[in-house]
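4 protein chains.
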Amino acid sequence: MNLWSGRFSGTLNPLAAQLNASLPFDQRLAAEDILGSQVWARAIHQAGLLDDEELASILGGLDEIRQEFENQQFSFRESDEDIHTAVERRLGELIGPASGKLHTGRSRNDQVATDFRLWIIHAADRLQNHMLDFQKVLLDRAERDFGTVIPGYTHFQQAQPLLLSHWWLSHFWPIQRDRDRLAQLAGRTAVLPLGCGALAGTAFPIDRQALADDLGFASPAPNSLDAVSDRDFAAEFLFWAALTGVHISRLAEALILYSTAEFGFITFSDAYSTGSSLMPQKKNPDLMELARGKSGTLIGRLAGLLATLKALPSAYDKDLQEDKLPVFEAADTLELLFPVVGGAIATLSTHPDRSRSAIQTPVLATDLADYLVKKGIPFREAHGCVGRAIRRAEELGVPLASLPGLEWQAIHPAFEEDLAETFDVDQSLARRAAWGGTAPQAVRAQINLAKQMVLDSG
Amino acid sequence: MNLWSGRFSGTLNPLAAQLNASLPFDQRLAAEDILGSQVWARAIHQAGLLDDEELASILGGLDEIRQEFENQQFSFRESDEDIHTAVERRLGELIGPASGKLHTGRSRNDQVATDFRLWIIHAADRLQNHMLDFQKVLLDRAERDFGTVIPGYTHFQQAQPLLLSHWWLSHFWPIQRDRDRLAQLAGRTAVLPLGCGALAGTAFPIDRQALADDLGFASPAPNSLDAVSDRDFAAEFLFWAALTGVHISRLAEALILYSTAEFGFITFSDAYSTGSSLMPQKKNPDLMELARGKSGTLIGRLAGLLATLKALPSAYDKDLQEDKLPVFEAADTLELLFPVVGGAIATLSTHPDRSRSAIQTPVLATDLADYLVKKGIPFREAHGCVGRAIRRAEELGVPLASLPGLEWQAIHPAFEEDLAETFDVDQSLARRAAWGGTAPQAVRAQINLAKQMVLDSG
Amino acid sequence: MNLWSGRFSGTLNPLAAQLNASLPFDQRLAAEDILGSQVWARAIHQAGLLDDEELASILGGLDEIRQEFENQQFSFRESDEDIHTAVERRLGELIGPASGKLHTGRSRNDQVATDFRLWIIHAADRLQNHMLDFQKVLLDRAERDFGTVIPGYTHFQQAQPLLLSHWWLSHFWPIQRDRDRLAQLAGRTAVLPLGCGALAGTAFPIDRQALADDLGFASPAPNSLDAVSDRDFAAEFLFWAALTGVHISRLAEALILYSTAEFGFITFSDAYSTGSSLMPQKKNPDLMELARGKSGTLIGRLAGLLATLKALPSAYDKDLQEDKLPVFEAADTLELLFPVVGGAIATLSTHPDRSRSAIQTPVLATDLADYLVKKGIPFREAHGCVGRAIRRAEELGVPLASLPGLEWQAIHPAFEEDLAETFDVDQSLARRAAWGGTAPQAVRAQINLAKQMVLDSG
Amino acid sequence: MNLWSGRFSGTLNPLAAQLNASLPFDQRLAAEDILGSQVWARAIHQAGLLDDEELASILGGLDEIRQEFENQQFSFRESDEDIHTAVERRLGELIGPASGKLHTGRSRNDQVATDFRLWIIHAADRLQNHMLDFQKVLLDRAERDFGTVIPGYTHFQQAQPLLLSHWWLSHFWPIQRDRDRLAQLAGRTAVLPLGCGALAGTAFPIDRQALADDLGFASPAPNSLDAVSDRDFAAEFLFWAALTGVHISRLAEALILYSTAEFGFITFSDAYSTGSSLMPQKKNPDLMELARGKSGTLIGRLAGLLATLKALPSAYDKDLQEDKLPVFEAADTLELLFPVVGGAIATLSTHPDRSRSAIQTPVLATDLADYLVKKGIPFREAHGCVGRAIRRAEELGVPLASLPGLEWQAIHPAFEEDLAETFDVDQSLARRAAWGGTAPQAVRAQINLAKQMVLDSG
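Chains as they are written, first to last, in the numbering used here: chain A, 418 to 875; chain B, 418 to 875; chain C, 418 to 875; chain D, 418 to 875.
Chain A extracted, bound-state conformation (with noise of 0.2 angstroms):
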């Protein structure tokens, strides 16, 4: 069945309704179709389109299309070239010829607009909690690795030592502001194509604003022409879903480094580890490398949507077609990730004396130019001080901490006897209290101000 052949004398060829037919995916959206299809059985009905018996017929007739799809029963036909085809054919079956009314004033164009927004909008809630149980892992690492050093880097050259859990926590913002995108983009989201027929608006008295509260958006389309044709919020939310996914990348990058026979400053749990068909010994960080990995797929899927937008003159054109496989695919992608890298993150062990003895003193350099400046030094002279210092150690072979107290001076006289307390990792934590320092009180106020977002949003 399709619903438009009147004028039509000849069939579609079979390859090109294999290439027409959006049902193999827009099936997804059945429970979205359903809802909004009620909502419209409802304004027509107030716009004097239906009587009571009518209205009754289709709601209840939608409703038990929807439990057939709740428990897998629902059957589709092979004509049934989209979602909304098939749930208006069931409806067919079901209630007869009252069926035929539901569409009156209304048009695939908004009604896909509208199901596929409302889809959006409860994947972003879904994906909210996820992002929610994630942050409260990372949170828990924070409190629980409390005190484990481990070397911080720049450019991966250790820079400055640095709290285990102030690192846990610099992956916790980016999720607070994916949460804050994904947020405003759903409020976008919200806003009702649904009587906006296929271009022009309805030709039938219905009150979009009732229509609208009806399913819980904020405010009906403006504009007709746009509302059927705008994908900003697929395009916002693909967007949303990449640097997302750049975000757990980077985690990911990290701690398949940090788990490496070279670094040993974890390992995962069995739980999220697989091995090798070939080498018995190996335990690889496969799930990291999948999520590591997929983040260039969901970059590719959001260039793929922009340039297939780009291509379109105004109005709606079957190419929108394009947009509901790669969100979908990126709302699981996501829904699977979250769980599966909070999973190994919680379960991971650190191995706090690895960590801390693979910090090399030359990361307390900054530390030695601190010495000068609070002497009066200029940074920038005490900056080249400390470097003509660890290229002197490097000339003599020894470690820097053990360079003679007479190069020190003869670098600069300000070196003096208590150079040494410098040689101390716990201070140089210590020394960085300022708001947002890795220093063990800033990083106790960061975790309560972490608490506090996610209890906002608990």
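Do not take every clue at face value.
Said to hold, decoys possible - Computed spacing ranges between beta-carbons, pair by pair:
| no. | chain 1 | residue 1 | chain 2 | residue 2 | range |
| --- | --- | --- | --- | --- | --- |
| 1 | A | Ser496 | C | Ala464 | 54 to 64 angstroms |
| 2 | C | Gln844 | B | Pro821 | 42 to 52 angstroms |
| 3 | C | Gln858 | D | Gln463 | 13 to 23 angstroms |
| 4 | C | Phe442 | A | Gln484 | 57 to 67 angstroms |
| 5 | A | Gly427 | B | Arg771 | 27 to 37 angstroms |
| 6 | A | Ala837 | B | Pro622 | 16 to 26 angstroms |
| 7 | D | Pro514 | C | Gln858 | 32 to 42 angstroms |
Claimed, not checked - To give an idea of the interface, some chain C residues facing chain D are shown, with a C-beta separation under 7 angstroms as derived from the structure:
| no. | residue |
| --- | --- |
| 8 | Thr521 |
| 9 | Ser636 |
| 10 | Asn640 |
| 11 | Leu660 |
| 12 | Pro730 |
| 13 | Gly804 |
| 14 | Gly853 |
The set of hints was computed from the structure by calculation and includes no laboratory data.
Glycine included, C-beta positions come from ideal geometry on N, C-alpha and C.
Starting from the known structure of chain A, fit chains B, C and D onto it as the hints suggest.
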């Protein structure tokens, strides 16, 4: 000059220096860098690291450098590897060794992130104004062209008649969403990295909230590690630019088609047309094509930055230097496209007779189906009847409006004499009077809402 | 079942297992996996690792599994994490412990790379045939439509008249390049990873050249580490698909425009058109739009895989599992698009009167300039003269061909009586007789070359 | 000056002119434009459109202009909208009205396509040399570092030992494929658009094969419409650049990791390292990071051009002007990356003791399984036994090599005294002697093949 050579014995290979140099593009951050440095100077003075005299000297020196930039008198040296180095080098020339204290407790990592955020916030302000102006052009056309009728399209086939004003407004609302997105991302950008040092926070007692207030940021970043490596704001800006570009591209594409000999609905003014070196008759919409083409480039810029970000482990890596050129290019592109496309729209001529006469009768088919609906025929049946009428007219080789009454009756007895009234474009328009539709009164209401949107921001 | 759990004490988390599982998509490699395993069995038999009986048993078992797949009787188990595991598990069920010898000296890393390359080589063969068929459709149209004239466009403004045959052929040559690219990449794909083990090579005396010969590959990969992590062939395939998609998109876009009411040069057959659920009159080029839209998706797939690959250090990482879905999807898309777009083109009607009469006189302006050139006027001057004539005709409100002789003379005395002959579309066509031009004789020659290209591959 | 204003009464809006201007970037085509014009002059002289004197004058004038460019003495005027206009304007200044004949029968459409193809062909030559030099660096390292052993990784977990030479060569072969791809695309680029006019062919009797020969192209394009709008060569070049960038990125990523304190396998020379403005000790692999980061940008450039191309109907549209900047940028990037990354590799120090001692015993697990295989145990069973041995050693807290004999026997009786020999890294290497493996003799053979590849191109 570079800021880091103390520990090095060799010098940088010249090609490596060329690859490493960011000055060719980051010099655009000069104003922001100076502003950020002045704020930082006040903060370390507050923290007791500068005395009053040193502060005054630094602030004065920086003011002088700003003047030099504003008067295009600043001289770069080949050894300046980036804008931060250039400014600090020049400050040393102007005020001597006190300049060496400015970098105390600060890293280029937090410095450049601050500069770049400031730059984007400033660019967002300019772009908001451009968009507002562009919306005014569309609004103005909607008012000037009120009454002009065009065929509306879906699948670029004639679908239903539209008011041209409605069509112009369908391009107003995407820009409204773009403005909304830009405002939200600018808000998220106003989180201050300064005071986060290289990665671990600053070792001096800096009041970062005061710093944020002084620089007009909403709050200091809560995690130093995240603060120096977060480029979400740049990715968001590029996504905003890409999606805005898509909107411009879709509009440009439609205008290009409307200006063809075959459509003939509009003519661009000479001020926004170009010719051909070979074909003397040509008057080409090159500018619309460039607008359309550049939106592809913007999509690529977004995909490129995401691919770069995705590959990084957490913390600052030099790969992040790839963030600036695409952002600058995207801002430049849109700061040029808005006034040019806006100018082209403001000055084009419409051909109302041509666009009205282009409307073919079958676009009223939905009205014919609605005619039956109003007589109680279920829409689905009505749709089929009209489809058959169209097929019959094609078989007989007559326009639909000239199909004899007997033929209509043969299709459905509810087709009666009053059918003739349905064949009227103005009535068709008037019927679509629900909110968001193309009926004149609905479009008037839409114009009022659009005006309010513009006034609220003006 | 998995192939690696010996050293593990815990079991994989169920969601992690779901993320890790590649079976849902890599089962498409079944035929290639079985073929590769048979070849491998012969190679390790040759190396003395299997006796004759074991070899026969393994080959027979694999044949039986192949049958099961061909008859769709193969049963997967939930524990099969990928196609390799499923086949090896089933082989064990069929032939017992001897199956455990098949994986000797082999890793899933070299195995999957081999399977995937084989799959692409097979897909390339099918796609070459699709392209050849598609080129034949274009060639056939070029012959059937010989004599039909259309306006040629640049910037979608009428530029110069064209033979429709010439236009069809302008879409033949891009496909010829696509075929060339596909053949070259298939050649590069035929380099064999098998025998490279997990990364370091196999520890058994395998004759890898014989292995390559047996499997129809050109040569064994020269470096084991590169061999297991190289996915250039997948990226090349996706680029080929994306660029081929661009060609189809550009063709589809043009056909969509030519089928509008306003252009009216072509009408799609009912077998390749669809309708509207709301607007009974609509006959939409949905299939062309899907072709156009899917090319955006293909671009995204390419960008996505490149982003994933770009982020990897050398050697095999699990991120590479993201390589298969996009390749399968791209091949499926194009295996469907070619016959559908080809069918639409083969069955569309042209409207030669309409397209000829659409040509507006100014498209002959270049001919007018050339007229002056032939009288010795420098082209640049001639171009200006014709431009002024067009402007003058517009001022007088007359068609260019009706501009009075005195006006022409006033512009340039070389405009003489014989000018009238220039205003002839067929003469204009005939003048462009240099190789590659639109003159009938040149197009005939072009058709002959195109035929040769098709014959050479047929 | 522009080449097309005859028919225009208004002048171009200044911002529109700025958007339209391509001179800021297409001036890089100056040499190619002049060369193409000289060849064209000879062709139209041959066709009788220039007399001998005019030809000599034009050729001489163009030579003079070339000199001006080479000496950087050419003065652009603000009114020059592109390089073609600038050259033709200057020619007029130098030789007077005869210059006006040069554009006879030619359009900027075929002209710029010719110039751009020439530019890419020239760039491809330069890039082939860069790649060859880069391969020589890798080959040289493979020879110099022969004997150095490193842990080989999959999933960045230690997998099996490798010769460092083998690892260097694993980066040689991708470049070999890049060279192959570049040569093939350069061949496809050498198809000549010149003589195709604006879209329909030239109206003068030009011998286009002679033209192709004169300019060093393989053949004239067979279809004028395709010839002026085909940008496959630009897309191919960008894909080549993106994939080549991926190869450099993967290599850079690995080197960055190998240069960390934790891995410690290599140290970059000072000539290819940079420092930190804040942390005096830092020696950062910025250049490798820039190489890695720029590969993201290259991916974006490809996606961007494809998105632009995808949106075009057939024939020339101004959107194509977006083709040049990304190609120039990609070529510049790679012309810089190859020598810099090559220089960094040539000058880095290796730490053979460190990398050998980093190898952990379990990487020999595959050898242990192979040990059992050689005693007739099916591999799958052997794999399980070794896995259990590893688990047992972990439980007992002893290194695998120190697991008592009784424990081995308990796992499988085939583990006998000679097992000890398996725990030898050099033996493990030597076993992988099949073609493509890491055994010294296999690597020697591989080096010889690689040398042959380089010699064949040298």
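Which of the numbered hints above does this structure break? 4, 9
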